[in-house]
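Colleague: Residue numbers (this note's numbering), protein chains in the order written: chain A, 1 to 124; chain B, 1 to 403.
Check each hint, because a few of them may be wrong.
Per the computed footprint, the stretches of chain B lying under chain A, defined by three or more beta-carbons under 8 Å from a beta-carbon of chain A, are [as the list claims (entries may be wrong)]:
1. 244-257
2. 310-316
Over 12 Å on every C-beta distance to chain B, these chain A residues come out as not near it, computed from the model [stated by the list, open to error]:
3. ASP14
4. ASP15
5. SER16
6. ARG18
7. ASP45
8. GLY48
9. ALA69
10. ARG74
11. GLU97
12. THR109
13. GLU110
14. LYS111
15. LEU113
16. GLU122
Read the hints as simulated data drawn from the structure, not as lab findings. Beta carbons: idealized from backbone N, C-alpha and C, even for Gly.
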Amino acid sequence: MTGAHSLVAVVDDDDSVRESLPDLLRELGYVALSFSSAEEFLASDRMGQTNYLILDVAMPGMSGPDLQAELRRRRRHIPIIYITARPDESLRRRLLEDGAAECLFKPFTEKDLLEALDVASEDK
Amino acid sequence: MALAMDAEIDQPAPELASDERGKTVDGIPGLVAILTPSGEVSVLNKQILEYCGRTMEELQQWGTNDTLHPEDLPRVIQIFEQAIASGVPYELETRLRRFDGFYRWFQLRGRPVRDGSGEIARWYVLLTDIDDLKRAQDELRREEAALNKVRSELAHLARLTTLSAFTASIAHEVNQPLAAIVTNASTCLRMLAAGPPNIEGARETAKRTIRDGQRASEVISRLRGLFTRKEAAIEPVDLNEAMREVIALSLSELQRAGAIVRADLADHLPPVMGDRIQLQQVILNLLMNAADAMSEVSDRPKALTVRSEREDGGGVRVSVRDTGVGFDLQSVDRLFEAFYTTKNGGMGIGLSVSRSIIERHNGRLWAELNHDHGATVAFSIPTGSVIPKREPGQRGESANAQV
């Protein structure tokens with residue numbers, strides 16, 4: 001397990017995802033935090049310690065890719081695993097080309113998540 | 001006096017045709033017949049004889065020969081016999097054979113004339129050639145039928161485009177709770193497998209799984225409501241509730257387009273009578289239009305405001321306001337034409353179908369430019385207005401009083 005005790009930030013506007021995913025990440029040995037918007041994450045003082053970002057694509061206000069662009073502008077590299085409820089292969093391809101470690105379609109399994117975190121750990 | 005008149009009327013018709021009364025009716029610029037109280041033909045003016053090209057004797061047998069169109073005959077005889085028996089004026093339309101064998105439509109109006117004692121002395125019948133009118137009406141009806149066909153095809157298309165617009169949203173709405181369910185179930189298993197097992201945590205996680213499952217099933221039941229019913233159903237509709245549902249189903253699609261949706265719904269909105277699904281399709285259409293109108297906007301917030309309010313005159317108004325590109329004032333009327341679109345990917349059926357739906361609810365739908373940016377499209381529907389049940393696209397009351 002490459003990322004145990006690493007800090008994973010979940011940024012998703014959906015309540016039930018924010019409620020469930022951090023619990024599973026904790027069970028998997030990670031430290032997990034959740035944020036309901038990209039803006040909230042950017043304003044957080046934990047941003048600097050974040051090892052992995054699990055990021056929703058479509059959110060009101062700043063979208064996932066908007067956050068990615070902002071982080072790039074700030075020259076801050078955090079490996080990103082996108083999660084989206086919209087199963088769109090061309091969107092997934094675009095996000096991967098644009099530097100995401102992985103893009104998972106909701107619903108995804110624990111195995112999908114672990115593999116994605118594995119890929120992301122090589123992206124540090 | 002009455003006796004004398006009856007005697008006169010009861011005389012054989014050919015003799016009467018050449019008497020003073022016959023000459024008088026010949027002078028009338030129209031086709032006129034005079035009947036005995038029992039309905040026998042007693043006088044036919046020259047115009048009728050000339051039109052039909054038949055003798056008096058032949059025309060007296062109109063009930064058994066082809067003077068009237070065979071398809072009309074049973075109906076005419078029934079109305080005629082009823083009128084003669086009851087002494088009530090009649091009016092009917094029938095095809096009458098011309099001298100050359102060609103049938104033209106006539107309107108026949110029969111009126112009894114009574115003598116001093118109130119007995120029917122004779123019937124006057126006026127025959128009016130309405131063939132041209134009838135043909136024009138038929139033509140109009142054919143055009144209307146064609147128009148209705150196009151309308152219902154448009155409504156069907158609108159349903160399909162609505163469906164496809166929803167599909168992405170539906171996937172999103174269902175996948176969201178499914179993701180939580182799968183995640184919670186994994187967490188739950190891990191908590192139970194831990195040593196010692198985290199029973200309390202597992203129980204909480206299982207509870208959340210149930211709740212998310214219910215959430216997914218609510219999405220599906222909303223959809224079932226939107227797409228399974230085909231026939232229009234008139235019922236009291238709470239427009240606020242209808243709007244909330246449409247907003248819930250399309251929110252992710254609207255947010256994907258970058259719209260910031262705000263709903264400003266009036267309290268205690270009275271229900272309107274109408275077809276809930278059709279009204280929801282209109283609302284959805286207005287929302288999608290508003291989002292599309294803002295797709296190119298980058299210098300200001302893409303604000304989409306949905307509002308419901310009571311109108312002073314006792315109606316309900318729904319408006320959708322955007323901060324998009326607006327529309328050209330010159331072409332405002334064209335916005336409502338079928339196949340007119342300002343969008344590259346649009347089919348241009350939305351607003352015209354929306355307007356026809358609202359008009360079937362005795363309401364109106366209009367668009368106006370905002371003072372700053374974008375446009376507001378609104379509709380209002382009177383409350384307590386009852387809509388006749390009919391197929392979408394059909395016209396209202398029929399103008400011709402057919403017998």
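Colleague: Against this structure, judge whether each hint is valid.
Modeller: The hints, checked one at a time:
no.: 1; hint: 244-257; result: holds (count 3)
no.: 2; hint: 310-316; result: violated (count 0)
no.: 3; hint: ASP14; result: 5 Å, violated
no.: 4; hint: ASP15; result: 9 Å, violated
no.: 5; hint: SER16; result: 4 Å, violated
no.: 6; hint: ARG18; result: 9 Å, violated
no.: 7; hint: ASP45; result: 27 Å, holds
no.: 8; hint: GLY48; result: 27 Å, holds
no.: 9; hint: ALA69; result: 14 Å, holds
no.: 10; hint: ARG74; result: 22 Å, holds
no.: 11; hint: GLU97; result: 20 Å, holds
no.: 12; hint: THR109; result: 6 Å, violated
no.: 13; hint: GLU110; result: 4 Å, violated
no.: 14; hint: LYS111; result: 9 Å, violated
no.: 15; hint: LEU113; result: 8 Å, violated
no.: 16; hint: GLU122; result: 23 Å, holds
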